[in-house]
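The chain contents come next:
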Amino acid sequence: MSSVHVSTTINGDPVEFACPADESLLDSLRDRVGLTGSKEGCGTGDCGACSITLNGRLVCSCLVLGAEANGQEIGTVEGLHANGELHPLQQQFINNAALQCGICTPGFLVAAKALLDRNPDPDEEEIRYALAGNLCRCTGYDKIVRAVQAAAKQMRK
Amino acid sequence: MRYEAPNTTKEAAKLLAKEKGAAFVLAGGTDLLVRMKAGMTEPDLVVDIKHIPAMQEIKTTASGFKIGAVVSGATLGENKKLKKAWPGVVEAANLIGSDQIQGRCTMVGNLCNASPAADSVPAMIAAGAKAAVVGPNGRRTVAVENIATGPGSTSLAKGEVIESISLPKRPTKSGDAYLRFIPRTEMDIAVVSAGVNLTLEKGVIKTARVALGAVAPTALLVEDAAKAIIGTKLDDEALDALAAACSAACNPIDDKRGTVEYRTRVAGVLAKRAANIAFERAGGKK
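So the protein lines, in turn, are chains H and G. Sequential numbering from 1 applies to the first sequence in my numbering. Sequential numbering from 1 applies to the second sequence in my numbering.
Chain H with its partners taken away, still in its complex shape (with noise of 0.2 Å):
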C-alpha cells in the first residue's frame, strides 16, 4: 500500500498528514488529524453522521478519500464554533434537547448549517429534505427540526 502526503486546510488550518491511499477522510481526520467530531455510522453515504463539508459542499467523509483532501478546503463539526462560543446551531441542539446518544449530531449540525448558509430562512419542509442524508434513530427527527428553527430565527436577528 503507497502512502500518499496531503496538505490541506481543514477549519480554515493549515494540516498535512501521510495516510494509505485508500483510506477515507473520515479516518484520516479522525486518526491522523485528531478531529473525532465526524463519526462513522455506516461507512456507506446513507447516514450522514460523517458529514463535512469539501470546498463548501456537504459531502460524506467516508465516501472521500483521505488522499482527494490535498490542496482542498475542508470544513468540519470542530469549526461551527467561534471565539469560545457555541454556534447558534450547537446552542439551539441543547435548548431544544434535539439529541440523546449524539453520534449523529456532528453530522445533522454541519449538514444544518450547509442548509442555513444557502438558505436563511427554511420551511419545515425544506429542513427535512435537506436533512434527509442524516439518519436519528434516537429523537425522531422533531425536536431537531425546532432546533434548526429556532437557531434559523436567531441567526437572522
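Don't take each hint at face value.
Stated by the list, open to error - Under the rule of at most 25 Å between Cα atoms (straight-line distance), these lysine to any residue pairs were calculated in the SDA-like manner: (1) K50/G with N11/H; (2) K80/G with R118/H; (3) K37/G with D27/H; (4) K20/G with P20/H; (5) K50/G with S153/G; (6) K256/G with D46/H; (7) K66/G with R57/H; (8) K173/G with E280/G; (9) K80/G with P122/H; (10) K256/G with G43/H; (11) K83/G with R57/H.
Unchecked claim - What the simulated footprint calls covered on chain H by chain G, stretch by stretch (three residues with Cβ under 8 Å from a Cβ of chain G suffice, anywhere in the stretch; the number is not a length): (12) 19 to 28; (13) 45 to 52; (14) 55 to 64; (15) 125 to 134.
Derived by calculation from the structure, the hints in this document are not laboratory data. Just so it is clear, the structure is predicted and the values come from calculations on it, not from any experiment. Each residue gets a CB set at the ideal place from its N, CA and C atoms; glycine is no exception.
With chain H held as given, fit chain G onto it using these hints.
Only chain G this time, still in chain H's reference frame:
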C-alpha cells in the same frame, strides 16, 4: 493501491491503459468507495479525474450543452440555463441520493456504474445525449444508450474514460421529463423509471424519444413508444399506445422491489405521466 490525480484526460487514459492490475476511475466516488468498503472491488490503481479542467465545466456550445464528467449533481441543479433547457435531465440527476451524495455524484459516474436503475440514464437517453470517450487510441463519440451492456458492465475498452456528456441544442417547443417509482418519497432505488423528450410543431409531436429504466439489464431506448406518440397531440389513444409499447419492451427481474408484472404495468403508466409533463413543458395543449 496507488492514487493518481492527473491533469489531462489523455494522461488519465494512459495511466488506466498501462495498469496491469485492477484500475478504476474515481469521479464522485459514491459508488466506487462503497464497493471498496464492502470488499467487492479491490483496486490496484485509482485515477481521480477531478483535477482535469476539461471535465469540470458545464459549457454552452453551438451544438448544445457539454457537461464535464466530474460535474456534481448539486452543480447541475444550480445551473439555471441547463435546467431551463433540459429540466427532465437535471431532475433525474438530482433524484440521486441525499444532499451529501448530490455534492459528489456525477451523471457520468451514474452511467459508468451501469446499474439498470440509474436515474440519470433514461433521462439522458431520452435527451439524445452523447458521451465523449477518450482512450489510448484517441477519441470517439458514443450514444449514451450504447455505454451500458448489462448490470455493472460497459462497452468502454481498457484505458477509456468518458470526458463529457453532450446534450443537443433545444429547438423551441420542446420539453422533457423523468419519473421514477419508489415506495418512499425520496432516496431510494427506482423500481421502474421513464424518461420522455419531445418537440412540437404546430401543436403536434414532431420528434420524440422515450427511455425506460429498471425494466431490463440496461436502460432502454424504446423506439416503438416514440413512434406511438409522434404525429399526435398526445390524446388518450396515443397515450395508451405509448404505454402498450413501453410494457412490451420490458424484460424485468422479479425482486423484493417489484414483480415482473408490476414493473411491466407501471412502466407504461410512468411513461404516460412523463409524456404528459414533457408535452406541457413544450407548450402543448390538448
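Out of the numbered hints, which ones does the structure contradict?
-> none
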